[in-house]
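Protein chains: 6
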Amino acid sequence: MPILELRVLEGYTENDKSRMGHVLTDAIRMVVPAPPEAVTVMIHEMPHTSYMRGREHRVPAPALPDPVNVARTFLSAMEARDLEAAQKMLGPDFTMTFPGAPQMHSLDALIQWAAPRYRFVTKTYDGFDALQSPAEHAIVYCRGSLSGEWPDGTSFEGIRFIDRFEITAGLLTRQDVWNDIAEHKVKT
Amino acid sequence: MPILELRVLEGYTENDKSRMGHVLTDAIRMVVPAPPEAVTVMIHEMPHTSYMRGREHRVPAPALPDPVNVARTFLSAMEARDLEAAQKMLGPDFTMTFPGAPQMHSLDALIQWAAPRYRFVTKTYDGFDALQSPAEHAIVYCRGSLSGEWPDGTSFEGIRFIDRFEITAGLLTRQDVWNDIAEHKVKT
Amino acid sequence: MPILELRVLEGYTENDKSRMGHVLTDAIRMVVPAPPEAVTVMIHEMPHTSYMRGREHRVPAPALPDPVNVARTFLSAMEARDLEAAQKMLGPDFTMTFPGAPQMHSLDALIQWAAPRYRFVTKTYDGFDALQSPAEHAIVYCRGSLSGEWPDGTSFEGIRFIDRFEITAGLLTRQDVWNDIAEHKVKT
Amino acid sequence: MPILELRVLEGYTENDKSRMGHVLTDAIRMVVPAPPEAVTVMIHEMPHTSYMRGREHRVPAPALPDPVNVARTFLSAMEARDLEAAQKMLGPDFTMTFPGAPQMHSLDALIQWAAPRYRFVTKTYDGFDALQSPAEHAIVYCRGSLSGEWPDGTSFEGIRFIDRFEITAGLLTRQDVWNDIAEHKVKT
Amino acid sequence: MPILELRVLEGYTENDKSRMGHVLTDAIRMVVPAPPEAVTVMIHEMPHTSYMRGREHRVPAPALPDPVNVARTFLSAMEARDLEAAQKMLGPDFTMTFPGAPQMHSLDALIQWAAPRYRFVTKTYDGFDALQSPAEHAIVYCRGSLSGEWPDGTSFEGIRFIDRFEITAGLLTRQDVWNDIAEHKVKT
Amino acid sequence: MPILELRVLEGYTENDKSRMGHVLTDAIRMVVPAPPEAVTVMIHEMPHTSYMRGREHRVPAPALPDPVNVARTFLSAMEARDLEAAQKMLGPDFTMTFPGAPQMHSLDALIQWAAPRYRFVTKTYDGFDALQSPAEHAIVYCRGSLSGEWPDGTSFEGIRFIDRFEITAGLLTRQDVWNDIAEHKVKT
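Residue numbers (my numbering), protein chains in the order written: chain L, 171 to 358; chain E, 171 to 358; chain D, 171 to 358; chain V, 171 to 358; chain B, 171 to 358; chain C, 171 to 358.
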């Protein structure tokens, strides 16, 4: 115990079902102090011909992409300066908040703002955390350390950062960034 | 759909069961694109006399405290400088990482480190996010803005911050903090 | 087999649950050729604290009255000329259709229309049939034979009739009547 | 809520399962005041190798035909005077009761009785209602209006009628008819 | 896994439910190679107002006594020569088969037959095994060793025995006994 | 009632599932006084992609062989003196206890011990009883009568016997034998 049974319409992939099992196992453990080994999840897929609500059979909606994957893919595209790919991952009303910057709404604005600040930045990840909000968006946190080069060509590394993303229907709608760059500059 | 059925041993409070319903509803929505209204959760409590594993009846473990409440209570105690209360909420091997500070292990070290940095700080919260890791700890994020007074008596406000807590069995085992204090100092 | 399991919120009476069992047993037998003895119904009542949809606990709606009882009560009130009681059982937009009569909307209209046709009528019931429409109303049929007195004081009996009622939220919204009164008159 | 789960042996068609969903949705709504959208039906088909009663696997009985279809088919055959087809749909001990007629037991008797009454009759349907009795038979009501020609060649239309059928194992065992033909004759 | 769910009518004692859990856990392990710890049993008791078969609510039958207890009680009564108590535990058509004895039908016959064979016998039990036959009776085996006194007053001990009982509705209907008494006599 | 639902991982044969149905039907009848016809067993097989414990999908363990078949096969091999086949069916630490014999651990020892006792023995079976112990082994009882030839060539028959086997993971780990051979010798 606990034993979780999930009924969904048939049509999800094995990977989708593994993800369902993982999020449910983790979720219940936030309330019930059970080790993962004590949590059983059984997923019962209903053929749509065997399920009816409101006197009508229903079709399943395709699974949402893993929000951690969405965030990772976006971060990789940004790091590779593949702005076209990154741009396609943005939802309407996307906003970005970086330390010391005004709220920005486009990748171009970000690139322009960053230009005088560093030549390039590479992220090393310590971990990702993902959760679903009660609203429509999922939330992804990623944290780790930054390395790269300052505009004067000197290099830096080991600067802590954390990003928070809001992702709706697989598209990024918000990014908030915190890091120790200023702290680093104050020190040096 | 989806329909979630949870079987747990009898003995949880109404509030525990509401929390179970909430975390499960949110969790499945990270994979299945359903609005909350389409998610049904049914909790079946088994009297321990009706449940048996390994030929033995079992007793339920008490619910874990809401990790958001744990983090909030700790933050309030710290803000009120009630170090005794705050100290009681720390688990073994507690570590704290603040911007520009060495890793710290005690509240005393933190107080000492902060003394030359600000007279006091008050937090205004924009939001809390909580999730359970696959390991033993839950994770709580809280973000918002800092206001307070610098050592010279001038006041500040609107400085962005984010805290990340790891909470095991109701006790804090790790705190990581990011904020724009240095950014602020660089600017001023 | 078949085995039917019903999950409803807690709060229904024993009689409500017996009615649920009866209507479900009968319904499935319209498709599956099983004798009643082969049909099992299990009703699982969920405490509202254990049920959640859309992240909210829900309260059960009180059971609808048995539509056969509603029709019977109305017919008894009419037979007893207790127009006040009968009137209270009518829903908005109530319509009545009797053989050879224009569509009527009030009991007064009916009384007036019937006055020259018979002094009184008593119904002997052969049977009631009830079903729920896919729309909001339930449907009740009652059939049997009429006896009574013509305006000239001569008596009659054994005249076949059938009534069809539509009942919404316990109130009558439509009554259609067929009978052999004219047939009788043609003959005599 | 309510949530209905039905377990039957595997082997029913998609149409059978849709019918099961419909009759159960409608049935429970006769007691629980829920709109159809609030009623979920899940049909779990058991392979016969996974189901056992009395230490024996069982095979499913084929679904009964939709009684409304049975009644419609019979009425069409009668209207088309395809007596052979209509005759095949009659069960043993079939009885017919028409306004002003003695109880009849064969289609020939009906044809003979009707001959001096009208040349032909066509039915326009306002609706069908079907339900399963607690006994073996299903019940179908159909109502609407009659049009056709009297023996003298004059035509008629708009005469209200209602038929009640009892159907056992897909065969008609009883028909009761009410209509306003006599009422019409009285008036004209 | 495996996970067993049992639905029974409400009214069984805690001890009854423990026994149900034990027999089901053991039974499934005869087919599925799972240690007991991997077998979960959940017993769902249905209030009789929530259960219906054949359109009728049902009442639960009281649990059968533990057949091992029945056998033990009988053996104790026999050992204590409480023939009255033992006699009450016998069902109709009780038969006893002992090594070298004709089939017997009464305790008196047994006592008479045993008289010249030993003065008294005491049983030390190595174990009991119980199972339910597909027919009405349960079966209990008990084995161990006999000690006692021969008619000449010399004592014996350590003579192996095994008894097989058939128990129907809590009453003994058959006893078969094997032991090494003759083997012992041959040797001595 | 009772209604038993079993959830196991997918991958069992039809015969495995029939055996599961039989052992569960019999088991519950040891406690609940229901005839077999009142016991329903439904086996729900979970695809391993739909089942997760401890955040991991699981694979089913192959079913254990029917212990009665194991015992029968061993007895047949012994009767046919196919010692090689019989030997392969023995688990580690196999022990045999026969009337009047020291505990033996090998088939050779048994053959040697039996040589001066009878030329050959054939078993006629009256019945087999099988059950699973709470420990790892299943238990099989078989009883009936022995016929054969004594060392002097005279034949015998109708000598009662009972064997008790312990079977772990399909291998015999213990055999205990009781019979009336000595009783027979005493008499003759």
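These are computed hints drawn from the structure, not numbers from a lab.
It cannot be assumed that every hint is accurate.
Where chains are identical, the list cannot tell them apart; a pair therefore holds if satisfied intra-copy or between any two copies.
As the list claims (entries may be wrong) - Computed list of lysine to any residue pairs in SDA-like fashion (alpha-carbon distance at most 20 Å, straight line):
#1 293 - 267
#2 355 - 239
#3 355 - 219
#4 293 - 246
#5 293 - 255
#6 293 - 242
#7 258 - 355
#8 357 - 270
#9 293 - 203
#10 258 - 282
#11 258 - 188
#12 357 - 283
#13 355 - 287
The structure displayed is predicted, hence computed values, not measured ones.
How the hints compare with the structure:
no., hint, verdict
1, 293 - 267, "both (18 Å within a copy, 19 Å between copies)"
2, 355 - 239, "neither (32 Å within a copy, 36 Å between copies)"
3, 355 - 219, "neither (63 Å within a copy, 51 Å between copies)"
4, 293 - 246, "within (9 Å within a copy, 33 Å between copies)"
5, 293 - 255, "within (18 Å within a copy, 38 Å between copies)"
6, 293 - 242, "within (11 Å within a copy, 30 Å between copies)"
7, 258 - 355, "neither (34 Å within a copy, 36 Å between copies)"
8, 357 - 270, "both (17 Å within a copy, 8 Å between copies)"
9, 293 - 203, "neither (35 Å within a copy, 30 Å between copies)"
10, 258 - 282, "within (19 Å within a copy, 48 Å between copies)"
11, 258 - 188, "neither (27 Å within a copy, 38 Å between copies)"
12, 357 - 283, "between (22 Å within a copy, 16 Å between copies)"
13, 355 - 287, "both (11 Å within a copy, 17 Å between copies)"
When each numbered hint is compared with the structure, violations occur for hints 2, 3, 7, 9 and 11.
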